[in-house]
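2 protein chains.
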Amino acid sequence: MTQRRLKFWGWGYEDQTLTEDDSLMIVKRLNKLTGLQPNSYLSPPSLSEINLPKPRSSVPNRLSHLVSQTDYDRASHTYGKSYPDYIRAFAKDFSCCPDSVCFPETNENILELLEWGSEINAAIIPFGCGSSVVGGIEPRVGDKFSSVITIDMRKMNQVLEIDKTSRAARIQAGALGPQLEAGLKKSGLTLRHFPQSFEFSTLGGWIATRSGGHFATLYPHIDELVESLVTVTPKGVMESRRLPGSGAGPSPDRLIIGSEGSLGLITEAWMRVHSKPEFRKSAVVRFKNIEAAGQSIRSLLQAGLWPSNARFVDSEECRLAGVNKGDYHMVVIGFENSEQPVDTLMNKALECMEDHGGVFGIAGERDKTADIWRNAFISAPFKREGLISYGIMHDTFETSITWDKLSDFHENIKLVTEQVIKEVTGKPGHVTCRFTHAYTDGTAPYFTFHAETKPGQELEQWREIKTAAGDALLSAGGTITHHHAVGRDHMPWYERQRPQLFGGSLKAVKNYLDPESRLNPGVIIPLDKESSLP
Amino acid sequence: MTQRRLKFWGWGYEDQTLTEDDSLMIVKRLNKLTGLQPNSYLSPPSLSEINLPKPRSSVPNRLSHLVSQTDYDRASHTYGKSYPDYIRAFAKDFSCCPDSVCFPETNENILELLEWGSEINAAIIPFGCGSSVVGGIEPRVGDKFSSVITIDMRKMNQVLEIDKTSRAARIQAGALGPQLEAGLKKSGLTLRHFPQSFEFSTLGGWIATRSGGHFATLYPHIDELVESLVTVTPKGVMESRRLPGSGAGPSPDRLIIGSEGSLGLITEAWMRVHSKPEFRKSAVVRFKNIEAAGQSIRSLLQAGLWPSNARFVDSEECRLAGVNKGDYHMVVIGFENSEQPVDTLMNKALECMEDHGGVFGIAGERDKTADIWRNAFISAPFKREGLISYGIMHDTFETSITWDKLSDFHENIKLVTEQVIKEVTGKPGHVTCRFTHAYTDGTAPYFTFHAETKPGQELEQWREIKTAAGDALLSAGGTITHHHAVGRDHMPWYERQRPQLFGGSLKAVKNYLDPESRLNPGVIIPLDKESSLP
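So the sequence lines, in the order shown, correspond to chains A and B. Counted from 1, the first sequence has number 226 at position 226 by my numbering; the numbering is strictly sequential. Counted from 1, the second sequence has number 299 at position 299 by my numbering; the numbering is strictly sequential.
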């Protein structure tokens with residue numbers, strides 16, 4: 001029996017690779033819906049076509065049980081899953097692959113690997129399951145290193161301990177979403193953190209990148225679910241105390257949460273978990289007007305209703321997902337609870353939506369359009385492969401903004417993105433938007449765009465579009481990322497966005513915890529040279 | 001018309017000083033309830049009796065409009081409001097007073113003052129309104145400084161801007177609780193952060209110390225209410241971006257929140273505010289059994305009911321507050337909402353409490369016992385003065401613990417504290433407990449104790465009790481503080497509690513932001529010598 005292997009160049013398992021026909025169907029559908037024209041088909045790379053550079057370091061005997069230098073392991077740890085990652089993979093460019101890929105089983109293993117890294121002057125790249133869309137795990141580390149070691153956490157994937165009374169669980173960082181949910185299920189518990197990458201991302205990755213999950217309100221980020229952390233740094237192991245709440249100095253965990261592997265490798269966490277929800281209601285509310293839809297979500301939040309789901313999807317994104325004919329925008333509302341019915345909450349929410357002009361079917365009845373959209377959401381990363389095969393650029397970017405600025409902000413960002421696509425590709429692109437998470441003081445707009453490309457110029461074209469969109473986000477008051485993280489790709493904007501003195505503070509921490517600056521160089525803390533796009 | 005002046009030695013305004021008769025009444029009542037015997041009366045200090053050391057530095061002309069060296073200003077910025085603070089004030093020991101007290105009006109003023117501090121080798125103590133009970137603002141700064149400058153933020157006390165749409169307000173850090181609530185009220189808004197010190201503490205102090213507020217669940221700490229911060233450091237001004245949520249690197253704000261003036265002076269913040277609650281319900285539920293009461297609160301939290309209030313008070317604390325005869329423990333439950341009735345939530349909560357053996361009056365009707373307890377809670381800091389005048393030791397300490405450990409933890413801490421009081425004072429003391437805040441994974445026990453003292457030995461006796469209690473908290477898995485902060489008094493335990501590598505990380509940040517180590521020396525980042533109690 002062979003184990004399913006992940007594609008070395010894209011989303012999912014090898015047996016989930018699209019055929020040319022699959023891809024054609026996807027691109028034809030897009031063409032019908034948007035008018036965007038495909039280029040000729042380019043098949044995904046196969047490992048035999050790839051020329052990997054020879055590993056620059058040999059593996060010492062004492063570590064041979066932890067380290068691989070096979071072509072598959074090195075190639076599959078070269079890229080994340082961003083658009084430029086696909087383009088370079090399809091171009092068979094794996095020149096910046098890591099020299100070694102390691103699979104530690106304990107904190108001690110990691111400390112040994114860090115020591116080895118120091119001996120051979122290697123950069124160290126922490127790796128969950130490689131779902132980064134921001135260059136977070138790519139060995140683009142500058143030229144001061146003699147080698148690159150990627151540390152893949154997949155073997156540290158257990159639910160180690162469950163405290164049913166406190167609803168908390170100690171989980172290893174390398175656990176994939178489905179693995180940790182399986183481990184919790186036996187006790188009737190669930191983390192209920194379901195990022196789009198759920199199947200192919202790990203707890204440690206979520207924490208390192210401040211992942212955005214299932215809950216649209218109340219617990220939008222993984223941050224709030226972390227009770228304590230164990231982090232391995234070149235200086236040793238840092239372990240925070242398990243506490244429900246504390247006022248003893250700045251939070252140790254919040255320094256590590258979002259550090260994206262630049263300060264240490266998260267190896268385990270006590271996580272706040274939930275009972276399986278027994279009561280659930282979901283509804284789809286239709287709006288003619290984006291502003292009214294946004295205001296309806298704002299009013300839910302400010303009324304303290306805390307829906308588990310409150311997602312706006314614009315009419316164009318609905319049309320692309322097959323939800324409707326583009327004749328209305330949709331807000332998906334959901335409530336769930338482990339102990340008690342949520343009908344009253346749902347009724348109040350629907351009243352509230354109705355006050356803002358929202359229209360819905362039978363109150364509280366599950367609307368199939370929500371399922372259609374959900375399936376489109378989950379399959380999107382798979383389908384992207386087909387679009388890219390046919391030369392269609394497909395990318396997303398996300399941000400957050402306070403309610404007072406939302407309306408102008410949304411219009412402005414959409415316009416800038418449409419304009420730059422037209423300038424760069426000579427053809428109108430297709431830009432849609434949803435709001436993924438909501439707060440009392442604002443929301444998180446998430447943009448998806450499609451554009452035609454000129455073969456061989458995809459990266460340049462993408463860079464221009466990405467740059468214009470990023471600049472627009474920042475100058476309109478948004479963040480360069482709400483939950484996709486910074487990685488290497490967002491560094492130019494991140495450096496402008498974060499307070500300069502905070503950047504210096506992180507650098508000071510890095511110098512202390514990682515004095516040789518080996519951990520994920522170029523991420524969060526910039527390399528000496530200016531940060532730039534791939 | 002003269003302005004009310006704050007006592008230079010204790011809680012409240014000068015006109016709120018207790019007479020000998022007031023104090024006698026308070027101590028007699030305590031004696032009747034607990035059997036604790038008073039010593040002979042000691043009157044509070046008057047300014048004319050205090051010998052302050054001569055200021056070690058003169059004020060340069062360019063700063064004279066910002067700086068005071070009057071006896072009143074220097075004496076009133078010497079201590080916080082802890083038990084050892086009172087003891088030393090009553091002993092007329094103000095030897096460690098600051099040399100200068102400054103009242104800046106702008107960030108630029110603060111930068112000038114920091115520069116002056118550097119010129120004269122001064123320690124800088126950021127000061128809100130001096131409500132610290134942990135030595136947070138006391139000039140106990142080691143011997144490497146030639147002067148101490150206290151920066152009192154009271155003149156930066158305005159609500160500068162209100163964004164009604166996003167429910168957020170930009171507020172200066174020196175605003176006292178009542179000042180900022182008055183500024184928000186005009187717009188129908190409220191921060192609803194009501195620590196016990198509300199009247200005599202500032203927004204900046206709350207943020208710097210991770211203050212615990214009105215909301216027992218959901219937003220227990222001020223942390224969650226902060227949208228963005230402006231902080232003045234010796235390196236310059238650090239300003240974070242106003243964002244409802246972000247995943248761009250570790251949170252810049254969370255590094256400053258809880259830094260207790262050791263990294264910079266918080267000068268303003270965008271805060272998440274609320275509409276005034278229109279619908280409110282509160283109830284008192286009686287329990288015979290502490291464990292059942294705790295479990296009932298746990299079940300509320302884990303059912304996602306999010307009461308705004310869910311406080312357990314043990315029977316002895318009820319008796320002392322005049323709530324009852326000590327015949328039952330009490331849980332105060334409250335719900336509030338600006339938009340919709342909370343009756344359903346309250347009924348569900350009461351059902352839930354009943355399932356755990358809780359008994360209550362008319363469902364949802366306001367029970368007067370809650371008001372009695374609330375009044376006792378607010379007047380407690382005033383009454384302490386009377387007890388201390390008569391030689392009764394009165395102090396509190398608080399912590400947090402996960403639900404799985406609560407029962408043993410509570411018993412153990414209470415026992416240790418009772419034992420050490422008996423050992424140290426030769427007489428049984430009186431130890432009570434309430435749980436102030438609740439989380440899905442645990443709660444925050446808050447202990448109050450009373451003990452007899454031997455005149456002249458109060459500090460030594462307190463130190464022994466504090467040490468035993470602190471040691472017990474830590475070894476039983478708690479935190480040395482849930483919302484009172486670290487200050488100088490908790491440093492010995494804080495250094496044991498926080499991950500050692502996190503301590504080093506904070507020191508690295510301090511070296512960067514405050515390279516001459518002038519800001520609140522000895523707080524959060526230890527002085528070179530070992531930390532110890534006053």
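Just so you know, these hints were derived from the structure itself, not from any lab. Keep in mind the model is a prediction, meaning the values are calculated, not measured. Hints may contain errors.
Intra- or inter-copy, both count: the list cannot distinguish identical chains.
[As the list claims (entries may be wrong)] Mimicking SDA-like on lysine to any residue, the simulated pairs with C-alpha atoms at most 20 Å apart in a straight line are:
#1 K164 - D404
#2 K276 - A303
#3 K405 - D15
#4 K235 - L501
#5 K7 - E49
Against the structure, the hints:
For the identical chains of this complex, K164 and D404 are inter-copy neighbours only, at 8 Å across copies versus 42 Å inside a copy, given an alpha-carbon limit of 20 Å. Only between protomers do K276 and A303 lie at most 20 Å apart by alpha-carbon distance; the minimum there is 11 Å, versus 25 Å within a single protomer. In this assembly of identical chains, the alpha carbons of K405 and D15 never lie at most 20 Å apart, being 45 Å within a copy and 48 Å across copies at closest. In this assembly of identical chains, K235 and L501 lie within 20 Å of each other by CA distance solely across copies; the values are 8 Å between and 24 Å within a copy.
Only within a single protomer do K7 and E49 lie at most 20 Å apart by alpha-carbon distance; the minimum there is 14 Å, versus 81 Å between protomers.
Consistency with the previously given hints fails for number 3 only.
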